[in-house]
Amino acid sequence: MDRIAPRVVLLLAGLMLTTASAPADPLRVDPATGADRRHYPPDPQADFLHMRLEIDIPDMDTPMFTAIERLRFAPLGGPMRTLTLDAKRMSIERVALVGAGATPQWTHDGMTLQVRFDPPLAEGVERDLRIEYTVRDPVEGMYWSPSRPAMPGRPARAAQLHTQGEPEMNSNWFITHDFPNDRLTTEIIATVPEGYLVSSNGVLALEQTSAGRSTFHFKQDRPHVPYLVTLVVGRFDVVDVGDSRVPMPVYAPPGQGPNVQQTFGATMDMVRLFEERLDEPYPWAKYANVVVWNFGWGGMENTSATTLHDTAVLDAKALLDSDIDGLNSHELAHQWFGDLLTCNSWEHIWLNEGFATYLEALWLEARDGFDAGYLLDMHRNVRGVAEDDRLNPDDDRAWMRPAMVSNLYEDPDDVFTKAANPYPKGASILHMLRMTLGDDVFFRGLREYVDRFKYRTVRTEDFRGVMEEVSGRSLEQFFEQWARRPGTPEVTVSASWDYERGELALTVEQTQRIDAMTPAFAFTLPVLIVTRSGDETWVDVEVTGRRHERAVPLGDAPEMIVVDPYLHVLMTPTLDAPDAWVARALRRGPTVPSRLDAAEALAARPGPETVAALAEALADASEHHSVRAACAASLADLDRADELLAALSETTEPKVRVAVVRALGEIDDDRVAPALAPIASDADESYAVRAAALEGLGRRGGPEHLPILTSALEAPSQHDQVRTGALRGLASLDEPEGLDAAILYTEIGWLSRTRPVAIGAVADLAHHDPERAIDALLPLLDDPEERSRQAAARALAEVGDERALERLRALAQTHPQPTFRELLADSAGSLARRLAGDTAGDDLRERVESLERQIEELRRRRDR
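Mapping of the sequence shown onto the numbering used here: position 815 corresponds to residue 815, and the numbering continues sequentially without gaps.
Keep in mind that the hints were calculated from the coordinates and are not lab data. Check the hints yourself; a few may be wrong.
Taking lysine to aspartate or glutamate and the EDC-like style, the derived pairs with C-alpha atoms no more than 20 Å apart in a straight line are [what the hints assert, rightly or not]:
no.: 1; residue 1: Lys286; residue 2: Asp325
no.: 2; residue 1: Lys454; residue 2: Glu276
no.: 3; residue 1: Lys454; residue 2: Asp325
Between beta-carbon pairs, the in silico distance windows are [stated by the list, open to error]:
no.: 4; residue 1: Asp411; residue 2: Gly195; range: 54 to 64 Å
no.: 5; residue 1: Asp668; residue 2: Met151; range: 37 to 47 Å
no.: 6; residue 1: Glu650; residue 2: Pro155; range: 33 to 43 Å
no.: 7; residue 1: Ala211; residue 2: Pro818; range: 33 to 43 Å
Beta carbons are placed, not taken as given, at the ideal position from N, Cα and C, and that holds for glycine.
Model the full structure from these sequences, guided by the hints.
Below, the structure written as structure tokens:
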């Protein structure tokens, strides 16, 4: 599954963890009972072999279907008297054991189906269970979008449904052992109204239409885990971007077929790269990408049929800002890591997500080179997760936080958003292994791991064992400190030149919390020293404790120090050295990551030499756009409007121009709004640049700029970037007219990721007309789209109204979706405190809401 803006998600998760008030850690131990809250895999009970599922959908505008499921299994561990299966919120009519003389006894409590066999079933003998059932108004796992007529600015849309199984939600629409510690083959036979297409796993064995009904029969003949089963029904443009060996149909929204090739054209090259790197052919019969409405993530790697969010097909103008190669390669990589090899439990999810994230970097290495592709992507992962997975020196409970490999969670969803996030931290661990072992041994280990465990479920110990075997190294400490402990090191490197001795004094100090439960990390830290005469000296500092000192003799005075330019260590680095040395690293650092680190470090070093170096790098068209963007951000931190305004007039590359525009929006200067206004009005600017200008104009402009913002609301753009930029700008501008403008875009029919932005704007502007805002927000608690429901609950807590409190409390007791009930209860509590005059939580609430909005924005950037 594609990550959703991990850095901000992790900040939000960490914020919530650090504000917990319970004296004991409620995640580890139930405070009331003392019970251990760690999660262990459930008993499979049987070897599940095959599922055949027949589904009949009479009306695509009515969220209901009938089904007949045949589940083949062989009992394990002796005679089977009882089989317990996950079967959530469905109506079960009949259960039969095929070929048996007597009907088994069964009970269904709404969540699990328990079948009792008398006489018991013999161990190892294959049996078929036949179950007839009906699903109505599924709460989760299957998401139904009804048809919509055309409205102003919103085209008509046919009804559609899609499923989402990970982590344990597919048992809302079929009966299964809903956990990834067993694999089975599957087939789905779906009958739908004529005119609709169906996508599912495996080969389309049959398609036929009769009497206004179409039947699609898909066969997945190689085993996979239940959460990877998929069903999508809708109307699409279908374009194949594959070849004769691997069909690659892309199911695009109607009318977007012409843009498929430019969006997904690199997919076959990605397949070839991964096949070569892993020495394992693409394992499935096809590879489909299915673009659906109202999808909750960036993408989901269902076996042979990935589901993608609704704006994944890019137009030509969107490609000026970015592409979806990261998302595309991530989901494709899962066809090996996640589907061919699947984590045995959620504790080991990094074996899916960390590996897929790492293969993104391998694709970027092939496309853009080792430095500008691979290392740059790894820099985002390494520095991002190191920042979020910190060990605060003042936090004596830091050791309690779940590690990356941990069975400590409340809900399986939690493993995807914890501070030790399995996406970037897992990828960073793989990168460190590559740097430590070398390419030959590292990739030999990857290939052996895939070959040994394909079509199986895996644990971290399986991967570690293979890498130790291939490398001849003991990796126990490596995996213990990086995978099974929370936290990452914060490393300060101090460097000073001793003229008399001709030595560079180096001190390496770990400044994160170090105690009995969180000892110092052990690693080798590479440092590059360049002297005034141009000589290069590499120093490897063996770090095992809190502080290490080293004297390095040099033939000349140093003029540049670069700490770990190839990212050997997962850490947050700080360099304590003269400004001039850091400024030279910005211009002459050997890697893009080293220059990025320098650009970011200079933000805390005001002075003419710093500003000149940042401005020079920003203006350098030969420098990588990511470094130039970092320079713009640092100039904003230094409040340097002059240099940024100069860069704005000279910079045309969208990936740099957007950074300059964003940076200007952060500066309180009378010249900013006049500079941004023409950009915000210019339809020829890239979508991202114009959106950034609209947001900045809202922060720095005045009432005279209201027409620019309201006019931009009508501008179409990829991902609705321009519209959401205008909505955020209106929220910041804080004029009464913005409220009605924002309310329009809360309505159903606008993009599912635009509506929450509009809802947030309504909350920000509600003080102009609270009654109007509450009337707009309350009905959204019953909205069919989850994002809008959640945004409405948070907005109502922020606005404050007795009617909202009553409604939030009532729904918190009755809503069928557990996660939404929890959010409703939290929102009701927050609102009650606000109405009672308790503002102690206002700062926290504002920080959470700000981070949630950043999540949505970064999710968009990640998906582009």
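We went through each hint and held it up to the structure:
no.	hint	in the structure
1	Lys286 / Asp325	holds, 19 Å
2	Lys454 / Glu276	holds, 16 Å
3	Lys454 / Asp325	violated, 25 Å
4	Asp411 / Gly195: 54 to 64 Å	violated, 39 Å
5	Asp668 / Met151: 37 to 47 Å	holds, 39 Å
6	Glu650 / Pro155: 33 to 43 Å	holds, 40 Å
7	Ala211 / Pro818: 33 to 43 Å	holds, 40 Å
Violated hints for the displayed structure, listed by number in ascending order: 3, 4.
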